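Sequential numbering from 4 applies to the first sequence in this note's numbering.
Read the hints as simulated data drawn from the structure, not as lab findings. Mixed in with the good hints there might be a few duds.
Result set (DSS-like, lysine-lysine): computed pairs, CA atoms no more than 27 angstroms apart in a straight line [to be verified]:
{"no.": "1", "residue 1": "Lys333", "residue 2": "Lys193"}
{"no.": "2", "residue 1": "Lys64", "residue 2": "Lys95"}
{"no.": "3", "residue 1": "Lys422", "residue 2": "Lys336"}
{"no.": "4", "residue 1": "Lys408", "residue 2": "Lys337"}
{"no.": "5", "residue 1": "Lys108", "residue 2": "Lys408"}
{"no.": "6", "residue 1": "Lys134", "residue 2": "Lys193"}
{"no.": "7", "residue 1": "Lys309", "residue 2": "Lys15"}
In this text, all values refer to a predicted model and were calculated from it rather than measured experimentally.
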Amino acid sequence: MNIKFYNTLSRKKEIFNPIKPGEVSMYTCGPTVYSRSHIGNFRTFLFEDILKRVFLIVGYKVRHIMNITDVDDKMIKKANDENKTLTEISLKYTAEFIEDAAILKILPADELPLATDNIQEMISMITALIKNGNAYLTENGSVFFSIESYKDYGKLAHLDLKGLKQTDRVAADEYTKDHPQDFALWKAWKEEDGDVSWDSPWGKGRPGWHMECSAMSTKYLGNHFDIHCGGVDNIFPHHENEIAQSCAALNSEFVNLWMHSEHLIMADEKMSKSLGNIKTIPELLADGYTAESLRFALISSHYRSKLAFSHIKLEEAKKSVHRINELFQKLNKKVDVGNSLPDEYEEFIEILCDDLNTPKALGVLFNYVRKLNHKIDNDILSKNEATMGLSFLIKADEILSLLIKQTDIPDKIAQLVAKRESARKEKNWKLSDHLREEIKQKGWKVEDLPEGTKCYPL
RNA sequence: GGCGUCGUACCCAAGUGGUCUAAGGGAGCAGUUUGCAAAACUGUCAUUCAUCGGUUCGAAUCCGAUCGACGCCUCCA
4 MNIKFYNTLS RKKEIFNPIK PGEVSMYTCG PTVYSRSHIG NFRTFLFEDI
54 LKRVFLIVGY KVRHIMNITD VDDKMIKKAN DENKTLTEIS LKYTAEFIED
104 AAILKILPAD ELPLATDNIQ EMISMITALI KNGNAYLTEN GSVFFSIESY
154 KDYGKLAHLD LKGLKQTDRV AADEYTKDHP QDFALWKAWK EEDGDVSWDS
204 PWGKGRPGWH MECSAMSTKY LGNHFDIHCG GVDNIFPHHE NEIAQSCAAL
254 NSEFVNLWMH SEHLIMADEK MSKSLGNIKT IPELLADGYT AESLRFALIS
304 SHYRSKLAFS HIKLEEAKKS VHRINELFQK LNKKVDVGNS LPDEYEEFIE
354 ILCDDLNTPK ALGVLFNYVR KLNHKIDNDI LSKNEATMGL SFLIKADEIL
404 SLLIKQTDIP DKIAQLVAKR ESARKEKNWK LSDHLREEIK QKGWKVEDLP
454 EGTKCYPL
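Could you put the whole structure together from the sequences, leaning on the hints where they help?
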């Protein structure tokens, strides 16, 4: 089966051809650990998770590296503001990131290298760039990349140097550079950097932002690897600069496939009332949404489209997730998992292999859900069909991860449910309704189904 | 100024030349079921794809114009 992805480099869908047959090397831009990652950051991380899971399910071996940016302007500012060390800030938010990613059932990367553990690698690369004539040292001890020395500069972002507008931000840059768009490889130490500095051939300082990804991606994956992902905002300048640096320093091909996910935007006023429009995973869990609902909401639109995030969207996601889980439980009671899968499974995978079309794949899944529900209700579902259905849901879940583990019902609740059952047998509706209300107060919901009473968390 | 994206039902969202009188989800409505509720199931819900032209035997899909929303052009996933 052909796997196709949209490549930012060519602005086209391309058939994926791994450098090494059967293996995928992917590097995904990780968080800058100066604050808790928000749901928008996680849209990108989840897109990457789905991508990785698709590779795994079709049989590729995946080597996945995600960096942790633990030194940059924002990190230093945060440390200064809170009167803490860079390491303290970094440890706290890295731990939170790992925790939140685990809640969202995002598969961990094989390595999570820290920028500050790879300073030497970055210095070597900068040295090579100076030697190759692609970088220059300024009087204050900073090193810049000369974009005029690299003819392909702008090929990812499709920027033409002649058409560039000198924005205020560029104009306001305090460094002295040959060309306004030249970017920092090494930043000379400044007073506000405090004790954040490393020794280098050019004196005390710290690496420019883009260096870490060039150094770490090639360190772990080799000079030439398959995929590099991130949010669209990384296309320029971050990834553009990475290409220039890496190709010029290593004199090698760099990345074959660049994939970028669009932004999530906050669509709902109520949601944006707090701190500058952001929501973190713990905040959303506190609002009563499950990891599965969050996953669903984030994959219910295509990764290259903007996603308007709102409470309505989450409520819809919650119901959709419930629908899938309903069928899963019904089938789970009837049969065990088998080896054969329905035709819909093939279709489901093919759609995902066409540039990760998660919304369309969910459509296939729901059509199948309706089909089986119909058969169940009319009592015409064969055992074989039930087995295949269960297998499909479980297999699809290796990518989607929307199935919810059955939670154990606490004894107290179970007692109330049993009490209500006996009341119902005696047709004591008043008591039974009262007990249902009491159970609801405790956060559980009871439903009287034809096959018996069911109880689950609200 | 340059580069680029998008506009599909009440909401979300696939589809990018014929299988589209447009998938799927949510909401609504009607029904089956039910002590009630809930859940589940069934039916219904865009002859139309921002607007106007053009190309074509054929367009939501290609081209042009217009209107509207938006992104990037140095540190933001």
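Exercise. So which of those numbered hints doesn't the model satisfy?
Worked result: Of the numbered hints given earlier, those the structure breaks are 1 and 2, listed in rising order.
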